[in-house]
Amino acid sequence: MSFCLDTYLQESENYEILISKVGFKESKKVIEDHSPEVVYVDAGAKILGVRIIGIPPVPIGINDDKDTVTLSYTKPCYGTAVIELPVKKEDIENIRSITINPFKK
Amino acid sequence: MKKALILLGCPEAPAQTPMAVYAAYKLSGMGYEVTVASTPSAMKLLEVTDPQEYYVKNKIDIESCINNLEARDFDLLLGFVHKDAAVSYFVTFYHILNTKSMAVVFERDSELLEKFIEDLEESTDATIVSARAYHNPTPLRVKFDRAIEQLGD
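Just so you know, the protein sequences line up as chains B and P, in that order. Numbering that gives the first Met the number 0 numbers the first residue of the first sequence as 0 and each following residue consecutively. Numbering that gives the first Met the number 0 numbers the first residue of the second sequence as 0 and each following residue consecutively.
In case anyone wonders, no lab produced these hints; they're calculated from the structure. Small disclaimer: the values here were computed from a predicted structure and weren't measured. Check the hints yourself; a few may be wrong.
Said to hold, decoys possible - A few chain B residues that don't get close to chain P, going by computed Cβ distances all over 12 Å:
(1) E10
(2) V29
(3) D63
(4) D64
(5) D66
(6) T67
(7) T73
(8) P75
(9) E83
(10) P85
What the hints assert, rightly or not - Calculated lysine-lysine pairs in the DSS-like style (CA-CA distance at most 30 Å, straight line):
(11) K65/B - K87/B
(12) K2/P - K28/B
(13) K45/B - K88/B
(14) K20/B - K2/P
(15) K45/B - K65/B
(16) K114/P - K99/P
(17) K20/B - K114/P
(18) K28/B - K114/P
(19) K99/P - K74/B
(20) K2/P - K88/B
(21) K56/P - K114/P
Unchecked claim - If you anchor each label on the Cβ, the simulated ranges turn out as follows:
(22) K88/B - V141/P: 38 to 46 Å
(23) S27/P - K88/B: 47 to 55 Å
(24) R71/P - F102/B: 21 to 29 Å
(25) Y133/P - F102/B: 51 to 59 Å
Note that the Cβ used here is the ideal one computed from N, Cα and C, for glycine as well.
Please work from the sequences and hints to get the whole structure.
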């Protein structure tokens, strides 16, 4: 069965919340400051089994040494959180395969 | 039949639910089949407000809606925005659907209202209807009526 972020966050404690209840732009800065590599995807891109919510270009932090990704997680009533969680190498490659140029209009 | 999606944010702002029912009424009158996507709590408010589904006939959970959404599934996106998260949701739905869109933006704090409008203008070409509002839906309703008339086909 493929990875689903929503299910993972409900059933696992193996993730870190870097910040919570913030606006999207603040979450973007946290991801960019925290991650050794940052790639960008479209709003609504399917990341780890769910569509990512945000204002494009949406950043995803990648740490190859730790095999983790750092991303924003938004819910209508709770705002945006930034979470870092372990993933498989193939999930990181899947994210790299759908990245966009953040400077292209 | 044309299809419209009404996107609701967190239901804590009292003006949202009556405006959602009103928008469903107006859009139905314009020939749209209307679906409302919302959180479970916002859906409960709609269920109590319109128990016989006279105005809102189709309701869907916002998470299942977005995960199954494809470009052009709807001819019109109408989103209610009164929180930063609602800006993010509207922009995301906008980019997935790639269709005619209108954001109804409301906040009682004028600085926050301006910030939400700026964020929407930076990342979408949606029509924006805005008013300082929280409890009273009338300022929004008046501007919404004007904008929906100009939306055309």
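* **Non-interface label on D63/B, tested against every C-beta of chain P at 12 Å** => Fine: 27 Å to the nearest Cβ keeps D63/B off the interface.
* Could you see if the CB distance from Y133/P to F102/B stays within 51 to 59 Å? => Once the Cβ atoms are compared, 38 Å apart, the range 51 to 59 Å for F102/B and Y133/P is violated.
* Between K45/B and K88/B, is the straight-line Cα distance small enough, at 30 Å or below? -> 17 Å, holds
* Are K2/P and K28/B close enough, with their CA atoms no more than 30 Å apart? -> Between K2/P and K28/B the Cα gap is close to 37 Å, so the pair fails against 30 Å, i.e. violated.
* Asked: Going straight from one Cα to the other, do K45/B and K65/B come out at no more than 30 Å?
  -> 22 Å, holds
* To do: Sort out whether K114/P lies within 30 Å of K28/B, counting only the CA atoms.
  => 17 Å, holds
* Would D64/B pass as off the interface with chain P, using Cβ distances and a cut of 12 Å? -> 30 Å, holds
* Exclusion check [P85/B not at the chain P interface, CB over 12 Å] -> 23 Å, holds
* **Given as non-interface: V29/B, which should sit over 12 Å from chain P by C-beta** => Per Cβ check, V29/B is outside 12 Å of chain P; nearest 14 Å; holds.
* Checking the smallest CB distance to chain P, is E83/B really beyond 12 Å? -> At roughly 19 Å from the nearest Cβ of chain P, E83/B sits farther out than 12 Å, so the non-interface label holds.
* To do: Examine each Cβ of chain P, and state whether all of them lie more than 12 Å from the Cβ of D66/B.
  => With a cut-off of 12 Å, D66/B remains clear of chain P, as the shortest Cβ separation is near 25 Å.
* Mind checking the alpha carbons of K114/P and K99/P for me, to see if they're no more than 30 Å apart? => Satisfied, since the Cα-Cα distance of roughly 22 Å is no more than 30 Å.
Against the hints set out earlier in the document, violations occur for numbers 7, 8, 12, 14, 20, 21, 22, 25.
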